[in-house]
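Undergrad: These are the residues of each chain, in order.
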Amino acid sequence: MTSDPARFDFEIPARPEYLSLVRSLVVEAAEMDSTLSRERIEDFKVAVSEATTNAIEAHARACRDDSIHIRCTITDDRLEFHITDRGFGFYPDQIQVLPEPDDPSRLNFERGLGIYLMRVLSDDVEIHSGPDGTEVSLSIHLASNNSDG
Amino acid sequence: MEFGVTVASHGRWEVLTVTGEIDMATAPRFRQRLLAVIGTGAQNVVIDLSGVDFIDSTGLGVLMGGAKRVRSAGGDIRLVMAGARLADLIELTRLDRVLDVFDSVSAAIEDSSS
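Protein sequences, first through last, are from chains A and B.
All you need for my numbering is the position in the first sequence, starting with 1, plus 104.
Letter 105 of the second sequence, counting from 1, is numbered 85 in my numbering, and no numbers are missing.
It is worth saying that the hints were derived from the structure and are not from the lab.
Where is the CB? At the ideal position from N, CA and C, for every residue including glycine.
Hints may contain errors.
Stated by the list, open to error - Derived DEER-like restraints, expressed as beta-carbon distance ranges: (1) B:G19 / A:V224: 31 to 39 Å; (2) A:A247 / B:A64: 16 to 24 Å; (3) A:F112 / B:E71: 26 to 34 Å; (4) B:L15 / A:P109: 44 to 52 Å; (5) A:D180 / B:D83: 34 to 42 Å; (6) B:S30 / A:S107: 23 to 31 Å; (7) A:S138 / B:R77: 32 to 40 Å; (8) A:F112 / B:E(-18): 23 to 31 Å; (9) A:S124 / B:A64: 16 to 24 Å; (10) A:V229 / B:S84: 35 to 43 Å.
Work the whole structure out from these sequences, hints included.
TA: Right, dumping it as structure tokens:
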């Protein structure tokens, strides 16, 4: 038997001082599943923080002072965070191709690790971007089955 | 732990000790302190991250920018991290191949391999 997903919606001001609060939300949500290791929770915390950082930067570039929407969904087998901004969006082919992280010339680029970290620290990443904003969906798989038992 | 940066001299090394979380909110202060140290002409810099609870790509960017500036001036920059968590992230991003990482400040300033 599957349970109804738990869903939480948050609106946060697009300001860096709220990143720590978002990370706390990730930890609180992840700890509802007792099978997730501390390492997995810390990994996912970094991934969600990176997506939220990008959203805050997107609002800054667009000179928007409205909030960023974050939805957390917990199902039987997944923990998901969806981060939605109302920035200008971006297109994958516009992203600068950076040297490999271990290339010494990589030190010339102080940015560009955020999406990489999202991809390697989450089980699934989806990015939908357009001129009205970007939605990043990150999820990790849960081993437990939260059935009514 | 609250974010903070302190600077101390150990012989020819300038040691920045960072505590708390390094993210978009705190990275500008970290960058400012690091660039101030480099701006004094420091050639040998150790950044002790043992008291850092969290670092993201913004913080890693500050480390890369600092390393570039120190090395372009002919200097040496070393990282110290006692916890496995930060070390894992540095390894995951493969920055350990371009930045020298030690497990204590004493090991960093005593190593003369480079």
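Undergrad: Could you run down the list of hints and mark each one as holding or not?
TA: Hints versus structure:
Taking the beta carbon of each, G19 (chain B) and V224 (chain A) are about 35 Å apart, inside 31 to 39 Å as hinted. At about 22 Å, the CB distance of A247 (chain A) to A64 (chain B) agrees with the hint of 16 to 24 Å. Between F112 (chain A) and E71 (chain B), the C-beta spacing of about 33 Å keeps the proposed range 26 to 34 Å intact. The given range of 44 to 52 Å is respected by L15 (chain B) and P109 (chain A), whose C-beta atoms sit roughly 47 Å from each other.
The beta-carbon spacing between D180 (chain A) and D83 (chain B), approximately 41 Å, falls within the hinted interval of 34 to 42 Å. The supplied range of 23 to 31 Å is broken by S30 (chain B) and S107 (chain A), whose beta-carbon atoms lie about 42 Å from each other. For S138 (chain A) paired with R77 (chain B), a C-beta distance near 37 Å keeps the hint of 32 to 40 Å intact. Distance hint check for F112 (chain A) and E(-18) (chain B): the Cβ-Cβ separation is about 28 Å, which falls inside the suggested range of 23 to 31 Å.
Against the hinted window of 16 to 24 Å, the Cβ-Cβ separation of S124 (chain A) and A64 (chain B) comes to about 22 Å, which satisfies the hint. A beta carbon spacing of about 36 Å between V229 (chain A) and S84 (chain B) agrees with the range 35 to 43 Å that was offered as a hint.
Consistency note: the structure conflicts with earlier hint 6 alone.
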